[in-house]
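Input sequences plus hints: build the corresponding full structure.
Residue numbers (our numbering), protein chains in the order written: chain H, 1 to 382; chain V, 1 to 382.
Where hints are given, some of them may not hold.
You can't tell identical chains apart in this list, so a pair holds if it fits in one copy or across any two.
[To be verified] Pairs of lysine-lysine residues, derived as DSS-like cross-links and limited to a Cα-Cα distance of at most 25 Å, are as follows:
#1 69 x 313
#2 305 x 367
#3 329 x 131
#4 197 x 257
#5 197 x 69
#6 367 x 67
#7 329 x 197
#8 197 x 313
#9 257 x 329
#10 340 x 69
None of these hints come from the bench; they were simulated from the model.
Number of protein chains: 2
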Amino acid sequence: MKIIVAGGDGFCGWPTALYLSNQGHEVIIVDSLVRRRWDHELHSNSLTPIATLDERVTRWQELTGKKIKTYIGDLNHYDFLREVLIQTRPEAFVHFAEQRSAPYSMIDREHAVFTQVNNVVGTLNVLYGIKEVVPNCHLIKLGTMGEYGTPNIDIEEGYLKITHNGREDILPYPKQPGSFYHLSKVHDSHNIMFACKAWGIRATDLNQGVVYGLHTEETLWDPLLVNRLDYDAVFGTVLNRFLTQAAVGQGLTVYGKGGQTRGFLNIMDTIRCIEIAAENPAEHGEFRVFNQFTEEFSVLDLAHKVQEVACAKGFDTRIIHLENPRIEKEEHYYHAAHSKLHDLGLEPHLLTNEVLTGIFCSVLEHKERLINENVLPSISWT
Amino acid sequence: MKIIVAGGDGFCGWPTALYLSNQGHEVIIVDSLVRRRWDHELHSNSLTPIATLDERVTRWQELTGKKIKTYIGDLNHYDFLREVLIQTRPEAFVHFAEQRSAPYSMIDREHAVFTQVNNVVGTLNVLYGIKEVVPNCHLIKLGTMGEYGTPNIDIEEGYLKITHNGREDILPYPKQPGSFYHLSKVHDSHNIMFACKAWGIRATDLNQGVVYGLHTEETLWDPLLVNRLDYDAVFGTVLNRFLTQAAVGQGLTVYGKGGQTRGFLNIMDTIRCIEIAAENPAEHGEFRVFNQFTEEFSVLDLAHKVQEVACAKGFDTRIIHLENPRIEKEEHYYHAAHSKLHDLGLEPHLLTNEVLTGIFCSVLEHKERLINENVLPSISWT
Numbered sequence: 001m002k003i004i005v006a007g008g009d010g011f012c013g014w015p016t017a018l019y020l021s022n023q024g025h026e027v028i029i030v031d032s033l034v035r036r037r038w039d040h041e042l043h044s045n046s047l048t049p050i051a052t053l054d055e056r057v058t059r060w061q062e063l064t065g066k067k068i069k070t071y072i073g074d075l076n077h078y079d080f081l082r083e084v085l086i087q088t089r090p091e092a093f094v095h096f097a098e099q100r101s102a103p104y105s106m107i108d109r110e111h112a113v114f115t116q117v118n119n120v121v122g123t124l125n126v127l128y129g130i131k132e133v134v135p136n137c138h139l140i141k142l143g144t145m146g147e148y149g150t151p152n153i154d155i156e157e158g159y160l161k162i163t164h165n166g167r168e169d170i171l172p173y174p175k176q177p178g179s180f181y182h183l184s185k186v187h188d189s190h191n192i193m194f195a196c197k198a199w200g201i202r203a204t205d206l207n208q209g210v211v212y213g214l215h216t217e218e219t220l221w222d223p224l225l226v227n228r229l230d231y232d233a234v235f236g237t238v239l240n241r242f243l244t245q246a247a248v249g250q251g252l253t254v255y256g257k258g259g260q261t262r263g264f265l266n267i268m269d270t271i272r273c274i275e276i277a278a279e280n281p282a283e284h285g286e287f288r289v290f291n292q293f294t295e296e297f298s299v300l301d302l303a304h305k306v307q308e309v310a311c312a313k314g315f316d317t318r319i320i321h322l323e324n325p326r327i328e329k330e331e332h333y334y335h336a337a338h339s340k341l342h343d344l345g346l347e348p349h350l351l352t353n354e355v356l357t358g359i360f361c362s363v364l365e366h367k368e369r370l371i372n373e374n375v376l377p378s379i380s381w382t
Numbered sequence: 001m002k003i004i005v006a007g008g009d010g011f012c013g014w015p016t017a018l019y020l021s022n023q024g025h026e027v028i029i030v031d032s033l034v035r036r037r038w039d040h041e042l043h044s045n046s047l048t049p050i051a052t053l054d055e056r057v058t059r060w061q062e063l064t065g066k067k068i069k070t071y072i073g074d075l076n077h078y079d080f081l082r083e084v085l086i087q088t089r090p091e092a093f094v095h096f097a098e099q100r101s102a103p104y105s106m107i108d109r110e111h112a113v114f115t116q117v118n119n120v121v122g123t124l125n126v127l128y129g130i131k132e133v134v135p136n137c138h139l140i141k142l143g144t145m146g147e148y149g150t151p152n153i154d155i156e157e158g159y160l161k162i163t164h165n166g167r168e169d170i171l172p173y174p175k176q177p178g179s180f181y182h183l184s185k186v187h188d189s190h191n192i193m194f195a196c197k198a199w200g201i202r203a204t205d206l207n208q209g210v211v212y213g214l215h216t217e218e219t220l221w222d223p224l225l226v227n228r229l230d231y232d233a234v235f236g237t238v239l240n241r242f243l244t245q246a247a248v249g250q251g252l253t254v255y256g257k258g259g260q261t262r263g264f265l266n267i268m269d270t271i272r273c274i275e276i277a278a279e280n281p282a283e284h285g286e287f288r289v290f291n292q293f294t295e296e297f298s299v300l301d302l303a304h305k306v307q308e309v310a311c312a313k314g315f316d317t318r319i320i321h322l323e324n325p326r327i328e329k330e331e332h333y334y335h336a337a338h339s340k341l342h343d344l345g346l347e348p349h350l351l352t353n354e355v356l357t358g359i360f361c362s363v364l365e366h367k368e369r370l371i372n373e374n375v376l377p378s379i380s381w382t
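Structure (structure tokens):
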């Protein structure tokens, strides 16, 4: 299958591109490389030393004989996107190419506006591009479990059957996103749902949980293929950040009480979920929503797990409760459906101590690259 | 009370500004005058000959002694908006200043992107401006009943109590908007709800129905104060468009079967609803939603009503069913709550034959200004 991976230079996109290429698909990466510029803006870095995208795909071709074509440009530039679609005519368009950090979106007004315009207009352009150039192309869009917030009822996969005053309907699940970033994903979801209905576009929205991990089978084949690892308070997600803090002997910084519960998944499941979605496309006009995670943990659960693993390796790791920079419930009900991807064949990599230890050892290898001042939160929601 | 009316040069904003000024409030109009530029873009016009904003407020001051200060600029320019807030320090900010036409947003990709960026960024800027400059200011934001779409259950005012798998929560009412314009309002609603929760902003979202009518008490005091009347297929709303078609002897163009049912209100109720919201502000941190309409009609109901009124005036008016340019259900359940504004004192002007005849006569006065080719729909959703 011919598949575009937009955002294919990023943490999820790069291992997805390699995996799909290795599975025999014709992969095209579209990326503006902006994620690397945000590192410069924030004086931050990937804990792992990552090669340039050119070096990455060149090495991949040397090792495997498989070519990953790259187009460097921004989805916000419609003429560029349209030209890419005309030249490549993809059967699936995997859309990772958004600003994906909640704290980044909360830095100030400019970053909030940038995040929403970048994400919403990029996705509008993809929708128009598919409509105009490749109407059969299946859009596989990355959403987030954070779109749902933390309602006091079970979270379903995209839709909810509602009975009210004696009548019944199946309606889009109500959304309560908790940052301007999460809001941008909710805006995208509504826009895509409409485009499916109005134009017959086929789309799968993958409401992904928090991704942890680093390596996949393919990224381990050569140092030039290594995936990025974000540990900073802006782009680092909680479990990878805790593992990094433990590796450098810092306390694990839990925001508030740590009762915040979310869905999590290993990066090795992310890449497989994309493949499952691509191999089982949505129907024309269908806006399909899958909740893409494998297990639920609270932040404090994760801190304890990391503490245990680090302790077994001889590290004396403390847990520190910081004032929460976010506006969110620290104790709440959380139970979210996530059976649709499993039903289509996902076999989860669960979070065992062995898995944690593996990531921890990878982090240890590169711990000298950590920039200390980037770990603690500096961006407040208020 | 010191009140900003953003979009105060438009169809709803101008009579609102006059009414609030006449009620003794200190009114400040903020407007980019872009609505007049869209007339040029579309080779369209207001059926009524409207004066410039300068002429309007000058005449108002001559007649009443009341000054309406004007600031000409765009809410998308944050420095401008911030300066206005610093200079005026309003207690209420009435936000009409958005691109409000569904067909305009569906012209092409550029118009879809423009509509969403213009509306979403303008509102984000207002939220940041209130947060930074006037945190006590009450945001009164115009939403639309079209945010809800046409669910098969009763529509409530913003929120819905949901019982699911034995648990219960009150959640944002699920939204199913039917154009990129309507989507922009849904995006706004989610952004404002978040800002209320995160920053303690006080906001009222007025999900307004379709507005009909033309004159208010104040706009009748002088020809220079006359309100605009849109009859074209892009900015004209259904009832005013039917009245205009009848006045020039055209058939009334019903899209599809005409079973599309919506909430409607007279422009005289719009201005009173704004006053009610301003006089009864939301609490800090509260995101309050009122459904702002007074009666429900189907499109075909309205065509029949106009036919009857025109007939009584000696006009032989036909009803024509056109292929529907929109993607929408033409037969559906529709029942929407709208008691909150009534509970706060709204006394509706209902749609009687007398009211219809009054608008019809006003339209007749200016029928020679109608540009024929603007009446029929030229923009398709697909």
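Hints, one by one, checked against the model:
For the identical chains of this complex, residue 69 and residue 313 are neighbours neither inside a copy (42 Å) nor across copies (70 Å), given an alpha-carbon limit of 25 Å. Only within a single protomer do residue 305 and residue 367 lie at most 25 Å apart by alpha-carbon distance; the minimum there is 20 Å, versus 76 Å between protomers. Only between protomers do residue 329 and residue 131 lie at most 25 Å apart by alpha-carbon distance; the minimum there is 22 Å, versus 40 Å within a single protomer. In this homomeric assembly, residue 197 and residue 257 come within 25 Å of each other (Cα to Cα) only across copies, at 19 Å, whereas the closest approach inside a single copy is 43 Å.
Proximity of residue 197 to residue 69 under the C-alpha cut-off of 25 Å is found in neither arrangement, the shortest distances being 32 Å within a copy and 45 Å between copies. Within a single copy, residue 367 and residue 67 get their C-alpha atoms no closer than 33 Å, and across copies no closer than 66 Å, so neither meets the 25 Å cut-off. With identical chains, the CA atoms of residue 329 and residue 197 are at most 25 Å apart between copies only, with a shortest distance of 12 Å across copies and 35 Å within one. In the homo-oligomer, the alpha carbons of residue 197 and residue 313 never lie at most 25 Å apart, since the shortest distance is 54 Å inside one protomer and 43 Å across protomers.
In this assembly of identical chains, the alpha carbons of residue 257 and residue 329 lie at most 25 Å apart only when taken from the same copy (10 Å versus 48 Å across copies). Within a single copy, residue 340 and residue 69 get their C-alpha atoms no closer than 31 Å, and across copies no closer than 58 Å, so neither meets the 25 Å cut-off.
Checked against the numbered hints listed earlier, the structure breaks hints 1, 5, 6, 8, 10; every other hint is satisfied.
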